[in-house]
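Assemble the complex: chain V is given as a structure, and chain Y must be docked to it using the hints.
There are 2 protein chains.
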Amino acid sequence: MISSSNSFHIIHTCPETKARAGELLTPHATVPTPVFMPVGSQGAVKTLTPQEVNSLGINMVLANTYHLYLRPGIGVIEKLGGLHNFMGWDGAILTDSGGYQVFSLAPLRKVNDEGVTFRSHIDGSQHNFTPELAIRYQESLGADIIMALDECPAHDDSPDRVKKAMERTHRWAERCLKTQKRHGQALYAIVQGGVFPELRRQSAEYLTSLDFPGYAIGGLSIGEPKKITLAMIDETVAFLPEAKPRYLMGVGSPEDIVEAVARGCDIFDSALPTRVARNGALFTWQGRKNITNAAYTDMEQPIVAGCSCYTCRNFSAAYLNHLFNAGELLAYRLATIHNLSFITELMVKIRSAISDGAFHAFKKDFLAGYKPTDEPTRLSQKRKWLEKRSLNQAD
Amino acid sequence: MISSSNSFHIIHTCPETKARAGELLTPHATVPTPVFMPVGSQGAVKTLTPQEVNSLGINMVLANTYHLYLRPGIGVIEKLGGLHNFMGWDGAILTDSGGYQVFSLAPLRKVNDEGVTFRSHIDGSQHNFTPELAIRYQESLGADIIMALDECPAHDDSPDRVKKAMERTHRWAERCLKTQKRHGQALYAIVQGGVFPELRRQSAEYLTSLDFPGYAIGGLSIGEPKKITLAMIDETVAFLPEAKPRYLMGVGSPEDIVEAVARGCDIFDSALPTRVARNGALFTWQGRKNITNAAYTDMEQPIVAGCSCYTCRNFSAAYLNHLFNAGELLAYRLATIHNLSFITELMVKIRSAISDGAFHAFKKDFLAGYKPTDEPTRLSQKRKWLEKRSLNQAD
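Residue numbers (numbering that gives the first Met the number 0), protein chains in the order written: chain V, 0 to 394; chain Y, 0 to 394.
Treat each hint with caution, since some may be false.
[Claimed, not checked] Mimicking BS3-like on lysine-lysine, the simulated pairs with C-alpha atoms at most 30 Å apart in a straight line are:
| no. | chain 1 | residue 1 | chain 2 | residue 2 |
| --- | --- | --- | --- | --- |
| 1 | Y | K78 | V | K288 |
| 2 | V | K288 | V | K363 |
| 3 | V | K363 | V | K243 |
| 4 | V | K78 | Y | K288 |
To be clear, the hints were calculated from the coordinates, so they are not data collected in a lab. None of the values given here were measured: they were computed from a predicted structure.
Chain V with its partners taken away, still in its complex shape (with noise of 0.2 Å):
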């Protein structure tokens, strides 16, 4: 029905992995895989510009319909020509649907299978979302790929809840499918099933007979052990088709990247990359080291000796620590910077060992010499935390 100039092809496997290196066609950009998207939920990656996005060699960045509906509103990006010119961004774009965002995001919500109502978090008005409504804001905005909605569980719910959230996500599917009828976007299925391993295939499974022209894997890394969003990986990614983009919804730390690719994901997006950036958490290949550390007072090196990035070509580490410690809004750019060109660096290594036949080695090295620092991830604080910035600049 839907004439899709969106495409995706396989160019390597990894033998001894799941991993696969492989292109992705939009109609804003050719996209190469596995990629790192960054977020820029209100129309902006925090803190820089279209052009600086782009010259850290990224061509796909993360937009949520949520947000753009409830601030600027979908009417005014309409008028103003639609999200790539209203945000002056010429490469791909992939729009949420608004699903995660009003379950984790908005108050007083009431789900129902029509669809959803909640409060603005931003001045308390009611919203109403349905599977139709997120198609035509989607459709308004204009992404290259576009995201069914879907209702996301908590992570520590029960699995009879797990499971109609579920079914109601498959229902919402096939009328978002059927709802589509703008050409040259794609739209792609979320598969839901929390940590049930039998929730999880029966959901690849059915949205697989619908046959979407990608797969999101949702609900996940939203407090969940760390191994068991690995697990539910392995069980979602098995049942999934071989040729489709594999997409895994927020999330974007270096390790978990890694994993990720090793178990079949090619796209990923987060806020953390951006987000710890603005706390001064700095990646270096060692893990992440917090710039506003005393160490870094005079230190003269950059925070990653021979790094590439404009701000490791340009500064020390002793004036990132001082701008930090100044509160100087250079310092949260700088740091964007940096982690940007960091995740993007780590895509390119991994598409690079993919293509040679070395990506099981580079991962056993990568994250031999790589600590990941504890980050506290349970729902309740992820979602305390989400309100709290949400106030002000959400992402």
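Below, chain Y alone, put in the same frame as chain V:
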């Protein structure tokens, strides 16, 4: 005694006003005057990289000894190779001595002939500035132009107090001159005298007798009525040497710059253009416009039609309005770029008009079209604002 690579020469003068166009030679840049310096108190022009500042056509910025002394500390910057190296700026730098900041930002200050003790506005720790230390610190920072330590009375202080502060400022200026050792830095004296013509005359005459390479007009635009500010500029300039550069401290609104150029001032600095930008007030040739106004919600044009700045070339007023409403950090940056670009363009127009013998007409036309916005400038409010701001990101 000091052989300086700093010099100033006047190229054109206006036949109808006291305006002059010239060139300020500094070790790091040849600066055409009249010139506006953006403020980078803490070693960064807020939100911008040095490359961006330079790309706006700006080659001289102001930094603050008071701020840099407190954070990161003079020793850190010295170790990192001086202020130019530390902040990655290879244009000219003028450092203020810290006089004004101690008297406007720091609590519990005590001043006597020796110097001034004060508490840090950051952590309450006690510190001491003397004329000798102010010069030593500025020699360590290594700016192209440095300032003598001055005592700044409040705009409503009694004539007697203002006179005493002026006389102390004179004694301190002499000590600064005697202390100065480093070559290649031009030391400017600061004329005080409050709102009293006779004191302004005495101060200008006395400091002129010491033969500094440049003269600043201090203690203005701190709460007194605009008419008084302009009258005091006249009363001061009349007694300053024609051949030396005149730096009007802390003045930076477009209308005030035009008025002060007409009165013979050459150099300006102010946090106003960048500060009001972060509050959403954007300069246009008709005056300041508040981008958060609902009128801009869906305006497809840039805030200033035909403006050649990066912001106006790339983004609609609607997008800026959205970024401000959404609290996106990019908003502050795009607005800063626009306002600094506007002021730079204004300075280019001023210099061209002087060169073409058309400044008087330019001034009349500009002021007829430009509607300034009323802004509270009473000292108490300014101090309050400064104190509040300075907790996080003091200018």
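Do the hints match the structure? See the list:
1. Among the hinted pairs, K78(Y) with K288(V) is consistent with the structure: their alpha-carbon atoms are about 23 Å apart, no more than 30 Å.
2. Only pairs whose Cα atoms come within 30 Å are accepted, and K288(V) paired with K363(V) is accepted, the gap being roughly 21 Å.
3. Between K363(V) and K243(V) the alpha-carbon distance is near 27 Å, which keeps this suggested pair within the 30 Å criterion.
4. Distance check on the hinted pair: K78(V) and K288(Y) sit about 23 Å apart at the alpha-carbon level, within 30 Å; holds.
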